[in-house]
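Assemble the whole structure, with the sequences as input and the hints as a guide.
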Amino acid sequence: MRIVVLVKYVPDINADRRFEDCRVVRSPGEGTLNELDENALEAALRIVDSLDDDARAAAEVVALTLAPEQGDLALRKAYQMGVDRGVRVTDDALAGSDYAGTAAALAAAVRRLEADGPVDLVVTGMAALDGLGSVVPALVATELGRPALTFAKKVALADGVLEVVRETDEATETLTAPLPAVLSVADTANTPRMPNFKLIMAARTKTIEAWSLADVGLDAGLVGDAGARTATTHAAPRPAKPEVELVQDKGEGGKALAEFLLRHDLV
Amino acid sequence: MTNRTVLVLLDPAGEVRSSILELLTIGRALGRVEAVTLESPSVEALAQLGAHGVETVHQAELPADLRGDARHLSGVVAATLAAAVRRTDADVVLAPSTFAAKEAVALAGQALGAGVVIDAAGVSEDEQGRIVGTKRVFAGSWDTTSVVTTDVALLTVRANTVVPKPADAAVATEVEGFAVSVDAPLPTVTQRVPVVRDAARPTLEEAATVIAGGRGTGGDFGPVEDLADALGAAVGASRDAVFEGWFDRYVGQTGVTVAPRLYIGAGISGAPHHRGGMQASQVIVAVNSDPEAPIFEICDFAVVGDLADVLPQAAEVIRAHKAAR
Ligand SMILES: Cc1cc2nc3c(=O)[nH]c(=O)nc-3n(C[C@H](O)[C@H](O)[C@H](O)COP(=O)(O)OP(=O)(O)OC[C@H]3O[C@@H](n4cnc5c(N)ncnc54)[C@H](O)[C@@H]3O)c2cc1C
Ligand SMILES: Cc1cc2nc3c(=O)[nH]c(=O)nc-3n(C[C@H](O)[C@H](O)[C@H](O)COP(=O)(O)OP(=O)(O)OC[C@H]3O[C@@H](n4cnc5c(N)ncnc54)[C@H](O)[C@@H]3O)c2cc1C
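Protein sequences, first through last, are from chains A and B.
If you count the first sequence from 1, position 39 lands on 39 in the UniProt record's numbering, and the numbers rise without skipping.
If you count the second sequence from 1, position 178 lands on 178 in the UniProt record's numbering, and the numbers rise without skipping.
Simulated from the structure, these hints should not be mistaken for laboratory data.
Misleading hints may appear alongside valid ones.
No more than 30 Å apart at the CA atoms, straight line, and that leaves these computed lysine-lysine pairs for DSSO-like [said to hold, decoys possible]: (1) K322/B x K165/B; (2) K255/A x K241/A; (3) K322/B x K250/A; (4) K255/A x K322/B.
Listed next, with one range per pair, are the computed distances between beta-carbon atoms [as the list claims (entries may be wrong)]: (5) F243/B x L262/A: 33 to 41 Å; (6) A202/A x F178/B: 38 to 46 Å; (7) L262/A x R86/B: 48 to 56 Å; (8) E292/B x D53/A: 50 to 58 Å; (9) L262/A x D65/B: 37 to 45 Å.
As the structure is a computational prediction, the values presented were derived from the model and not from experiment.
Beta carbons are placed, not taken as given, at the ideal position from N, Cα and C, and that holds for glycine.
This is the structure:
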């Protein structure tokens with residue numbers, strides 16, 4: 001069993017997230033492993049944990065990111081959780097990639113990994129907490145020609161068939177597909193394990209492979225600004241809200257609330 | 001007004017929800033609006049589409065094995081959208097910002113080689129006639145503008161972006177079938193249980209007013225629902241309240257993203273994960289017993305107090321006001 005987990009390096013939601021020249025600032029020290037990808041890592045590691053001894057010994061979990069050098073931080077975190085291999089795709093030509101470019105590059109890297117053996121499963125988070133597109137998993141699946149089982153809140157694998165339960169806005173669904181497939185997990189799918197001390201120490205010195213676009217065999221014209229079909233032309237912080245009107249409830253708080261709503265025509 | 005063709009996704013096709021009426025309103029400002037469905041629209045839906053200026057509904061004729069529950073899979077909806085664009089030579093596709101529609105729109109964009117904007121909070125055209133989507137990102141703290149540089153533009157649009165308006169004149173709506181083939185590998189749908197909607201309340205995604213209850217409710221959502229009824233609001237929760245089993249749907253960046261005219265958070269601390277899903281609301285109100293609650297930082301109005309006292313009193317005043325009107 002070989003599983004590739006896609007992990008994104010994103011600005012910390014507690015840091016001062018911002019744009020400069022219409023680009024997200026991804027400065028070192030303010031970035032982190034996308035929290036929702038911890039659920040993806042957990043799902044992959046649990047699948048491996050559930051294998052019998054021989055199969056587990058032969059299994060490999062690869063963490064893959066598309067990021068500048070500081071993205072290593074996401075891969076180190078993945079190593080701490082217990083993955084076997086960390087790969088980063090970095091290339092100046094990737095700057096400015098939109099959904100299509102991002103998915104094409106990630107899929108190309110998965111195909112490159114297939115040069116040394118089949119990849120049975122690609123696992124992702126349900127969203128990246130910066131772009132919040134939630135579309136990369138489905139796009140990667142199509143690029144790879146595999147079925148996508150997305151937003152899983154329950155995951156089971158038996159006899160090479162993946163089964164997930166998910167809740168969409170419209171319905172609760174059970175989906176199945178034989179491997180190879182692409183899986184995205186919701187944050188309700190599991191509770192990510194805490195990194196253990198031994199792995200934390202080991203993660204510091206683990207090798208991170210850095211690949212260029214040429215390494216994954218992708219035409220630079222398909223990604224980055226060159227391949228982008230959308231362009232961000234403007235980015236500005238929203239004006240600060242006026243000071244909050246704070247009322248202490250001394251028996252009339254509800255009245256004050258209702259009056260605020262009426263005054264602002266919100267009823 | 002140009003001679004653009006704008007396709008609006010209507011899935012499911014039983015009713016035309018307010019988010020779809022918004023898309024039709026946005027679409028009419030860009031060109032001629034047509035609808036795309038994967039099943040036959042109800043009589044009520046057709047009447048509403050007609051009132052909103054839709055002359056043609058393009059209804060997918062799917063291969064037999066995809067006509068059941070599988071027709072809602074994003075791969076199928078995407079193939080339908082892509083085929084509809086090719087058939088009508090459409091310039092713009094609009095869909096609501098649900099997780100399912102986001103995937104379908106992105107996949108259709110991939111098939112068409114076209115630019116995609118997800119979660120637009122506004123759609124317009126620039127001086128060169130290109131489609132532009134505005135977005136509220138980073139928990140509503142930044143505004144961005146994205147230009148679609150391809151001939152076809154596909155966008156998902158958040159609810160409460162515009163006030164839906166019917167067309168100046170109603171039209172007769174015709175349904176035209178068109179064949180769709182799907183070659184993407186799809187999962188099998190072994191079970192599908194549709195969500196039953198509370199007919200008495202607007203849905204969280206679409207409501208103009210949302211009240212969310214958190215751990216501060218201590219499990220009693222009575223006061224939250226009371227005020228929601230007085231205001232005609234949708235009810236949501238924090239993720240922690242849902243994990244406690246007190247409510248079923250939560251607001252936040254992994255839950256439902258809302259941007260209503262009015263959001264009221266009751267007994268909610270305002271964690272970044274929750275803020276990510278509501279901070280773009282136009283007016284934010286909070287009721288919290290802790291004067292240091294982080295949610296107060298992003299509020300327009302707040303009451304420091306016990307929600308069990310404050311909410312029922314507010315509901316009473318509002319009901320009295322409505323009765324006197
Ligand atoms: C604020 C903002 C708005 C944007 N809006 C648009 C837009 O409207 N249209 C458009 O075409 N592009 C847009 N982009 C660009 C888009 O976000 C990037 O292409 C992005 O890297 C992929 O999309 P996502 O971040 O939304 O990922 P999602 O689809 O939300 O990510 C889902 C999962 O995919 C995996 N994944 C995603 N990206 C990577 C990665 N780089 N490396 C490893 N794994 C990954 C992770 O497992 C993640 O959990 C936007 C970017 C930002 C920051
Ligand atoms: C990966 C991840 C994703 C997450 N996604 C989401 C998400 O999408 N949405 C979400 O909501 N959360 C999400 N969370 C959880 C989030 O981080 C917070 O834990 C959660 O929002 C807190 O819920 P709360 O505000 O109800 O509870 P608390 O933080 O416990 O706050 C309760 C508040 O109620 C107040 N209070 C207590 N009693 C009363 C009373 N009688 N009257 C008035 N006020 C009272 C308290 O002062 C306190 O401020 C996520 C977490 C993770 C790790």
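Hint-by-hint comparison with the structure:
As the CA atoms of K322/B and K165/B are separated by approximately 25 Å, the hinted pair is consistent with the 30 Å bound. Pair hint K255/A plus K241/A holds up; C-alpha atoms about 23 Å apart against a cutoff of 30 Å. Proximity of K322/B to K250/A is assessed by CA-CA distance (about 25 Å); at most 30 Å being required, the pair is judged to hold. For the hint pairing K255/A with K322/B, the CA-to-CA distance comes to about 14 Å; that is within 30 Å, so the pair holds.
The hinted window of 33 to 41 Å between F243/B and L262/A holds, with their beta carbons roughly 35 Å apart. Roughly 57 Å separates the CB atoms of A202/A and F178/B, a value that falls outside the hinted 38 to 46 Å. Take L262/A and R86/B: their Cβ atoms lie about 52 Å apart, and the range 48 to 56 Å holds. Our hint of 50 to 58 Å for E292/B and D53/A holds, since their Cβ atoms are close to 53 Å apart.
Distance hint check for L262/A and D65/B: the Cβ-Cβ separation is about 56 Å, which falls outside the suggested range of 37 to 45 Å.
Of the numbered hints listed earlier, those contradicted by the structure are 6, 9.
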